[in-house]
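Line order of the protein sequences matches chains A and B.
For the first sequence, full-length UniProt numbering begins at 1 and goes up steadily by one.
For the second sequence, full-length UniProt numbering begins at 1 and goes up steadily by one.
It is worth saying that the hints were derived from the structure and are not from the lab.
Do not rely on the hints blindly, as some may be mistaken.
In silico DSBU-like cross-links for lysine-lysine, where the CA-CA straight-line distance does not exceed 30 Å [what the hints assert, rightly or not]:
1) LYS291(B) to LYS311(B)
2) LYS214(B) to LYS260(B)
3) LYS72(B) to LYS57(A)
4) LYS395(B) to LYS377(B)
5) LYS10(A) to LYS395(B)
6) LYS10(A) to LYS57(A)
7) LYS45(B) to LYS408(B)
8) LYS240(B) to LYS230(B)
9) LYS52(A) to LYS408(B)
10) LYS157(B) to LYS57(A)
11) LYS157(B) to LYS10(A)
12) LYS52(A) to LYS10(A)
13) LYS2(B) to LYS297(B)
14) LYS311(B) to LYS297(B)
15) LYS234(B) to LYS52(A)
16) LYS57(A) to LYS291(B)
17) LYS393(B) to LYS116(B)
18) LYS230(B) to LYS2(B)
19) LYS45(B) to LYS291(B)
20) LYS311(B) to LYS395(B)
21) LYS45(B) to LYS234(B)
22) LYS52(A) to LYS260(B)
23) LYS297(B) to LYS10(A)
24) LYS291(B) to LYS240(B)
25) LYS52(A) to LYS240(B)
Some chain B residues well away from chain A (every beta-carbon gap over 10 Å; in silico) [as the list claims (entries may be wrong)]:
26) LEU36
27) SER128
28) PRO148
29) LYS260
30) PRO287
31) ALA288
32) LYS291
33) VAL398
34) GLU490
Note that beta-carbon positions come from the ideal geometry of N, C-alpha and C, so glycine has one too.
If you want the building blocks of each chain, they are given just below.
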Amino acid sequence: MITDDELCRKVIEVLAQEFELDPEEMVPEATLYDDLGLDSLDAVDMVVVLEKTFGMKVTDEAALRSIRTVDDLMQFVIRLRAEQSRA
Amino acid sequence: MKTDVVVIGSGISGLTAATLLALAGKDVVIVERRNLFGGSIRRFKRNGVGFDVGFHYTGCLGDGEILDLLWKRCGVRDRVEVDPVFPDGYDQYEFFGGNTVVRGYFSYARVGEELKSCFPGEKAGIDSYLREIRDVCSQVPFYNPDLPLAPFLRGYKSRPRPLASFLDSVTTDPELRSVLAAPAFLYGVPLNQCSLETHALVAHGYYSGAYTVKGGGQTVVDGFLAALEKAGAKLLSSSKAVSIRVDGDRVAGVEIEDGKCIACSDVIFSGHPSSVPGMVPDSVFRPAYRKRLLTLKNSLSMFAVFGTAEKDFRVQANGLNYYLLPEGGEMLSADDSTPPALRSMMIASTGGEWPEFKPSLRNGIIILRPGFWEDVKAFAVSRPGNRAAGYEKFKAEVGAEMVETAEKRWGHFTGRIEPFAVGTPLTFRDELAAPGGCVYGAMHCLDQFTPDVRTRLPGLYLAGQSTLMTGVVGASIGGMTAAGEIVGLEPFWESLRSWC
Ligand SMILES: Cc1cc2nc3c(=O)[nH]c(=O)nc-3n(C[C@H](O)[C@H](O)[C@H](O)COP(=O)(O)OP(=O)(O)OC[C@H]3O[C@@H](n4cnc5c(N)ncnc54)[C@H](O)[C@@H]3O)c2cc1C
Numbered sequence: 001m002i003t004d005d006e007l008c009r010k011v012i013e014v015l016a017q018e019f020e021l022d023p024e025e026m027v028p029e030a031t032l033y034d035d036l037g038l039d040s041l042d043a044v045d046m047v048v049v050l051e052k053t054f055g056m057k058v059t060d061e062a063a064l065r066s067i068r069t070v071d072d073l074m075q076f077v078i079r080l081r082a083e084q085s086r087a
Numbered sequence: 001m002k003t004d005v006v007v008i009g010s011g012i013s014g015l016t017a018a019t020l021l022a023l024a025g026k027d028v029v030i031v032e033r034r035n036l037f038g039g040s041i042r043r044f045k046r047n048g049v050g051f052d053v054g055f056h057y058t059g060c061l062g063d064g065e066i067l068d069l070l071w072k073r074c075g076v077r078d079r080v081e082v083d084p085v086f087p088d089g090y091d092q093y094e095f096f097g098g099n100t101v102v103r104g105y106f107s108y109a110r111v112g113e114e115l116k117s118c119f120p121g122e123k124a125g126i127d128s129y130l131r132e133i134r135d136v137c138s139q140v141p142f143y144n145p146d147l148p149l150a151p152f153l154r155g156y157k158s159r160p161r162p163l164a165s166f167l168d169s170v171t172t173d174p175e176l177r178s179v180l181a182a183p184a185f186l187y188g189v190p191l192n193q194c195s196l197e198t199h200a201l202v203a204h205g206y207y208s209g210a211y212t213v214k215g216g217g218q219t220v221v222d223g224f225l226a227a228l229e230k231a232g233a234k235l236l237s238s239s240k241a242v243s244i245r246v247d248g249d250r251v252a253g254v255e256i257e258d259g260k261c262i263a264c265s266d267v268i269f270s271g272h273p274s275s276v277p278g279m280v281p282d283s284v285f286r287p288a289y290r291k292r293l294l295t296l297k298n299s300l301s302m303f304a305v306f307g308t309a310e311k312d313f314r315v316q317a318n319g320l321n322y323y324l325l326p327e328g329g330e331m332l333s334a335d336d337s338t339p340p341a342l343r344s345m346m347i348a349s350t351g352g353e354w355p356e357f358k359p360s361l362r363n364g365i366i367i368l369r370p371g372f373w374e375d376v377k378a379f380a381v382s383r384p385g386n387r388a389a390g391y392e393k394f395k396a397e398v399g400a401e402m403v404e405t406a407e408k409r410w411g412h413f414t415g416r417i418e419p420f421a422v423g424t425p426l427t428f429r430d431e432l433a434a435p436g437g438c439v440y441g442a443m444h445c446l447d448q449f450t451p452d453v454r455t456r457l458p459g460l461y462l463a464g465q466s467t468l469m470t471g472v473v474g475a476s477i478g479g480m481t482a483a484g485e486i487v488g489l490e491p492f493w494e495s496l497r498s499w500c
């Protein structure tokens, strides 16, 4: 299994590609909506991309909705992977 | 040419959206690729008999229900004669080998009684199934117009639950399970992919009362065409939209295949969403969204036999539609590995109200059976009038087998059946511009997010059965929502609710 750091790098790489974002701007404190210009319509695509790329299932949508920054997203993905690899 | 809104596609969703917008004061142009309007609910005529393809019955036409509201607001309700086929009306379910016959009444109370009398050991499960269907729908504004619309469309939705495991929790009886799952025929999803939520939306319409329209889908189309004309909308047939012009960051117009361009500030696309990425500049959508539209999983297709019956179905039989279900199997098989002859089948009488009918030709019938793209894949590279070798033979064989099975099973009320035309997934692909011949658009199922009505391109909206829900009701709701997004969702919903 890849480390959490590698996972985060991969998440950045995939999101940059799929959402045409500049990886340089995807610093931990950057907000998805204001800084990166994503909007609520992108949220579903984000779930689809995460699920397809990492084979995880995003079920906790309340947690998903509370994500504001790149760092929130990384913590969310790390937690999800830990939960689902345990299951 | 210049207008406010171009609506691409004239199926029930496009017609609904266009009429609502025209009535809200917008200049509207509908463009339709075919020479006739109506999409899936248009009737076609063969040997003097009118055949409905995509409209046999619907729910939600009771006073104040969503389709009734929409048709009243559009000025269509008065132009059609609606026939409520309940409380005595029902669909009949039979099984390949067995003797069980179950009537699926179009009424919660009666279907509950019937199921309990057919499956006396399953009373508690039947009650909890029906309760769950109702509960799910009570939270949905389209079924409960007192609720606001925006929170439902934009708000938090929990992940859909699998229908199969829910059914397991209410019964272990394979026949009851099949009957409860049967409405899946009306949205084209195999049981292993059905979600309880989608199932509830469709089944609720069914258990709350079914309606037919005199003269079938064509009278609905004609009603909308008259309403559109009155409201000053323009309709262009034989006009395939090939691209959507973008100026700055907003929609600016629609280009038609013949080179014409219609300038506009809003576009509603009501066909299959997978065509949309090819119609806009690549830079408009993010790769993730583009990919999602292009790789949507689609609902099942069908084989269809259109013909006449020797006896008048509607006089001889009491049920509306008759379903034959595989023994203990699924209403819709999971894939094409189940041979066509072992799949479920449905027979319905189709129309008959056209004045020019010769009496001997009146008993139009349609037989439907689930089909998969894989069934006809070998003939894929062909167009109507120019099919690959072997296709006619394949089609004739499938049709003959369906007729034979139908006569054996239902011959007592149909007499001999004479087929006029056979449709396959290829036919549906080409007639309805439906990828893979899918008859219900993108699949509303577990593990797939169907696209939202709004898109990231300002001024571009999706409508149609692939967005919110399928069927005549679902597609109409898609059309209504797209119109609402353009004029302001919540005030629009309020004004619709207060219409009657
Ligand atoms: C065999 C069958 C039986 C059915 N039975 C029932 C039933 O009994 N009850 C029920 O409620 N539902 C039924 N349905 C489903 C129902 O018919 C559909 O869900 C509904 O009619 C879909 O409406 P729509 O407007 O979304 O799409 P459509 O009716 O498919 O309309 C889309 C229109 O867009 C046009 N179009 C597409 N691309 C372009 C383009 N680029 N430019 C211009 N025009 C374009 C197409 O030609 C078409 O006319 C059935 C469907 C089938 C096929």
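Structure-based check of each hint:
1. LYS291(B) to LYS311(B): This hinted pair is violated, its Cα atoms lying about 51 Å apart.
2. LYS214(B) to LYS260(B): At roughly 38 Å apart (the allowed maximum being 30 Å), LYS260(B) and LYS214(B) break the hint.
3. LYS72(B) to LYS57(A): Violated: LYS72(B) and LYS57(A) sit about 43 Å apart, past 30 Å.
4. LYS395(B) to LYS377(B): 13 Å, holds
5. LYS10(A) to LYS395(B): The given pair, whose Cα atoms are some 49 Å apart, is violated under the 30 Å limit.
6. LYS10(A) to LYS57(A): 17 Å, holds
7. LYS45(B) to LYS408(B): Answer holds: LYS45(B) to LYS408(B) is near 27 Å, not above 30 Å.
8. LYS240(B) to LYS230(B): 24 Å, holds
9. LYS52(A) to LYS408(B): 47 Å, violated
10. LYS157(B) to LYS57(A): 15 Å, holds
11. LYS157(B) to LYS10(A): Satisfied, since the Cα-Cα distance of roughly 28 Å is no more than 30 Å.
12. LYS52(A) to LYS10(A): The hint holds at about 13 Å.
13. LYS2(B) to LYS297(B): 36 Å, violated
14. LYS311(B) to LYS297(B): This hinted pair is violated, its Cα atoms lying about 40 Å apart.
15. LYS234(B) to LYS52(A): 43 Å, violated
16. LYS57(A) to LYS291(B): At roughly 19 Å apart (the allowed maximum being 30 Å), LYS291(B) and LYS57(A) satisfy the hint.
17. LYS393(B) to LYS116(B): Violated: LYS393(B) and LYS116(B) sit about 45 Å apart, past 30 Å.
18. LYS230(B) to LYS2(B): 19 Å, holds
19. LYS45(B) to LYS291(B): 39 Å, violated
20. LYS311(B) to LYS395(B): 25 Å, holds
21. LYS45(B) to LYS234(B): 26 Å, holds
22. LYS52(A) to LYS260(B): 40 Å, violated
23. LYS297(B) to LYS10(A): 26 Å, holds
24. LYS291(B) to LYS240(B): 23 Å, holds
25. LYS52(A) to LYS240(B): With a Cα-Cα distance of about 34 Å, the restraint between LYS52(A) and LYS240(B) is violated, given a limit of 30 Å.
26. LEU36: Nearest chain A Cβ is 35 Å from LEU36(B), so the label holds.
27. SER128: 24 Å, holds
28. PRO148: For PRO148(B), whose nearest Cβ neighbour in chain A is about 17 Å away, the distance exceeds 10 Å, so it holds.
29. LYS260: 31 Å, holds
30. PRO287: 5 Å, violated
31. ALA288: 4 Å, violated
32. LYS291: 8 Å, violated
33. VAL398: 36 Å, holds
34. GLU490: 17 Å, holds
Figure legend: structure checked against the earlier numbered hints; hints not met, in rising order: 1, 2, 3, 5, 9, 13, 14, 15, 17, 19, 22, 25, 30, 31, 32.
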